[in-house]
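Hey, can you work out the whole structure from these sequences and the hints?
Number of protein chains: 2
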Amino acid sequence: MKPINLSEKLAMFATHWDPHVVADYNQNEVMVVKFQGEFLFHKHEETDDFFYVLEGEMFMDIEGEDSKVVKAGELFVVPKGVVHRPRAEAEVKVLLIEPKGEPNSGDADRAPAPKPRV
Amino acid sequence: MKPINLSEKLAMFATHWDPHVVADYNQNEVMVVKFQGEFLFHKHEETDDFFYVLEGEMFMDIEGEDSKVVKAGELFVVPKGVVHRPRAEAEVKVLLIEPKGEPNSGDADRAPAPKPRV
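So the sequences go chain by chain: A and B.
Numbering of the first sequence is given in our numbering, commencing with residue 1 and proceeding in unit increments.
Numbering of the second sequence is given in our numbering, commencing with residue 1 and proceeding in unit increments.
Everything labelled a hint here was simulated from the structure, so no lab data went into it.
We put the CB at the ideal spot given by N, CA and C, even for glycine.
Check each hint, because a few of them may be wrong.
To be verified - Stretch-level coverage of chain B by chain A, calculated; a stretch enters the list once three of its residues show a Cβ under 8 Å from a Cβ in chain A: (1) 9–22; (2) 45–52; (3) 63–69; (4) 73–79.
What follows is the structure in structure tokens.
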């Protein structure tokens, strides 16, 4: 039970699209992640997807809608079932919350490994 | 489905110890709150309590342990059942996540009203 400094945690890895778990909240994993470039379009059938931008700026592309710009200090919740794609032109640092065991891509076949902890 | 700017939401109210809901994440309410002074010692029997400091600095007093300082950019999860008291000497701005309907104080008799939305 101690404060968790997100900048310190983010400094511990350099990879993109590679969420690292920093804490647990009930049945959820609280993670930090760095994005650059674009992920794949995907959805989570059973869960909302929580993003809070810590540093930089990202786009959330939503199927059938205009892209949303999400800046540092802004959060974005993708409701379950909504097809979306996170994207960033320059590196962005994000706080992410998802239920434990939920693969990034919403598809267990594509991302079966447990997420590392920092 | 749009980005939520937490500074803008925080500017919409001035009260302390008065969380305002800004988004839903699964069965949780995502809230912003301003603290100054001290809350009461309490616990949540059934849920962890998620704090992320956006601006300023707070103390988390934990029964039987030293107080923890939690600064901007740091998060703190109080596990369920742990008696704790948030406290701040100067105003602090915090992102808070709790299951929908959970009273601030962990006791429905003391905080029965639904939380406002901004």
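Problem set entry | Unmet hints by their number, sorted upward, for this structure | Structure breaks hint 1 only.
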